Amino acid sequence: MKTFRKELWFEIPSRRGFVNITGEVEACVRESAVREGLALVNAMHITASVFINDDEPGLHFDYERWLEELAPHEPTKHYHHNRTGEDNADAHLKRQVMGREVVVAITQGKLDFGPWEQIFYGEFDGKRRKRVLVKIIGE
Amino acid sequence: MKTFRKELWFEIPSRRGFVNITGEVEACVRESAVREGLALVNAMHITASVFINDDEPGLHFDYERWLEELAPHEPTKHYHHNRTGEDNADAHLKRQVMGREVVVAITQGKLDFGPWEQIFYGEFDGKRRKRVLVKIIGE
Amino acid sequence: MKTFRKELWFEIPSRRGFVNITGEVEACVRESAVREGLALVNAMHITASVFINDDEPGLHFDYERWLEELAPHEPTKHYHHNRTGEDNADAHLKRQVMGREVVVAITQGKLDFGPWEQIFYGEFDGKRRKRVLVKIIGE
Chain U
88 MKTFRKELWF EIPSRRGFVN ITGEVEACVR ESAVREGLAL VNAMHITASV FINDDEPGLH
148 FDYERWLEEL APHEPTKHYH HNRTGEDNAD AHLKRQVMGR EVVVAITQGK LDFGPWEQIF
208 YGEFDGKRRK RVLVKIIGE
Chain Z
88 MKTFRKELWF EIPSRRGFVN ITGEVEACVR ESAVREGLAL VNAMHITASV FINDDEPGLH
148 FDYERWLEEL APHEPTKHYH HNRTGEDNAD AHLKRQVMGR EVVVAITQGK LDFGPWEQIF
208 YGEFDGKRRK RVLVKIIGE
Chain S
88 MKTFRKELWF EIPSRRGFVN ITGEVEACVR ESAVREGLAL VNAMHITASV FINDDEPGLH
148 FDYERWLEEL APHEPTKHYH HNRTGEDNAD AHLKRQVMGR EVVVAITQGK LDFGPWEQIF
208 YGEFDGKRRK RVLVKIIGE
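Residue numbers (my numbering), protein chains in the order written: chain U, 88 to 226; chain Z, 88 to 226; chain S, 88 to 226.
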């Protein structure tokens with residue numbers, strides 16, 4: 088069994104944003120030399136997500152607006168978590184809707200994807216350096 | 088290490104619907120001959136889900152109504168994604184709530200499930216042929 | 088390839104609650120003797136979750152209140168599922184928001200976590216004995 092590990096680093100300049108990381112994960116798969124296996128891609132921070140959906144700016148606008156409706160950032164005093172001095176309680180909620188991680192099949196040395204699947208880093212409390220973990224196992 | 092891959096195809100005649108695919112995934116596990124390992128089951132389309140819950144029609148009614156409340160299909164003009172000519176933005180949102188994939192343990196050649204766990208394909212933009220991927224690794 | 092399996096049992100005295108199970112999962116990783124691989128941790132019940140987030144009581148209060156807003160327990164008659172004699176339809180919905188499972192990388196014999204990642208059992212229909220499955224594969 089082969090295993091591979093890499094951290095991808097991000098610093099999103101705004102509070103929230105989506106970044107297509109498919110190419111970076113594909114590079115990990117190539118570097119791992121795994122032909123058949125599984126790739127785990129997860130946010131290492133609890134106010135961020137990794138998810139698979141469409142690379143379409145209108146959809147990202149819709150996600151942003153919808154997540155703000157489901158779990159608004161303000162009023163920050165609404166959240167007990169923010170009594171700790173943080174202002175990011177909403178980010179912990181949004182991340183649960185979008186998910187922490189994806190597991191992707193590797194087949195014949197490639198991410199085994201449907202026609203429109205793309206992997207995104209979803210940031211909900213940005214303006215600082217944060218990480219995604221790629222862990223690959225297989226042979 | 089053994090690996091196994093199969094695509095399951097669906098064509099749901101309505102826009103939305105839930106299909107119990109547990110039997111088809113169990114057949115994959117048998118065919119794989121894996122006794123100990125992991126099975127990844129994921130939608131290959133970004134307006135569909137694979138999730139684990141109860142095979143109870145009342146609950147499926149509740150999911151349908153609840154998802155429509157959280158992310159209504161109409162008015163379709165509400166969503167920027169639909170300016171691309173699509174009318175399925177809501178389906179991309181519903182899929183995030185229900186999830187893309189499940190990972191299930193395989194123990195002694197069987198899906199290692201609690202008493203009520205069943206695997207479903209959740210369709211949110213149907214009336215066309217779409218796929219689920221089953222990837223199994225183990226030995 | 089090594090594999091390891093263990094069930095963790097819980098009986099939450101109230102309807103809903105969150106329990107930090109990171110230490111128990113770490114003990115499984117040690118017992119498995121897997122140095123490089125993947126750990127699947129999933130609820131075996133469909134009204135409970137396993138998720139990764141912060142061990143901060145204010146945040147757990149926020150999750151509790153938010154999930155009740157998204158999928159209220161009452162009026163129980165609102166849900167078709169409850170016509171079966173159950174009163175836990177809301178728990179099946181809450182569990183979809185929080186998720187069934189997490190997959191965690193194992194690197195050098197340890198859970199490969201960011202600084203604040205902790206694993207929780209989320210109970211949404213408690214007052215009875217329920218289980219979490221830990222399945223580890225690797226070498």
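You may find that some hints are simply not true.
The list treats identical chains as interchangeable, and a pair is accepted whether it falls inside one copy or across any two copies.
To be verified - Derived pair list, reagent style DSS-like, types lysine-lysine, alpha-carbon separation capped at 25 Å:
hint, residue 1, residue 2
1, K164, K89
2, K197, K164
3, K89, K197
4, K89, K214
5, K197, K214
6, K214, K93
7, K93, K197
These are computed hints drawn from the structure, not numbers from a lab.
As the structure is a computational prediction, the values presented were derived from the model and not from experiment.
Results of checking the hints against the structure:
1. K164 - K89: neither (48 Å within a copy, 48 Å between copies)
2. K197 - K164: neither (46 Å within a copy, 37 Å between copies)
3. K89 - K197: Answer is both; intra-copy 15 Å and inter-copy 17 Å each pass.
4. K89 - K214: The answer is neither: 35 Å in one copy and 41 Å across copies each exceed 25 Å.
5. K197 - K214: Cα proximity of K197 and K214: none, with 33 Å in one copy and 29 Å across.
6. K214 - K93: within (22 Å within a copy, 40 Å between copies)
7. K93 - K197: both (17 Å within a copy, 16 Å between copies)
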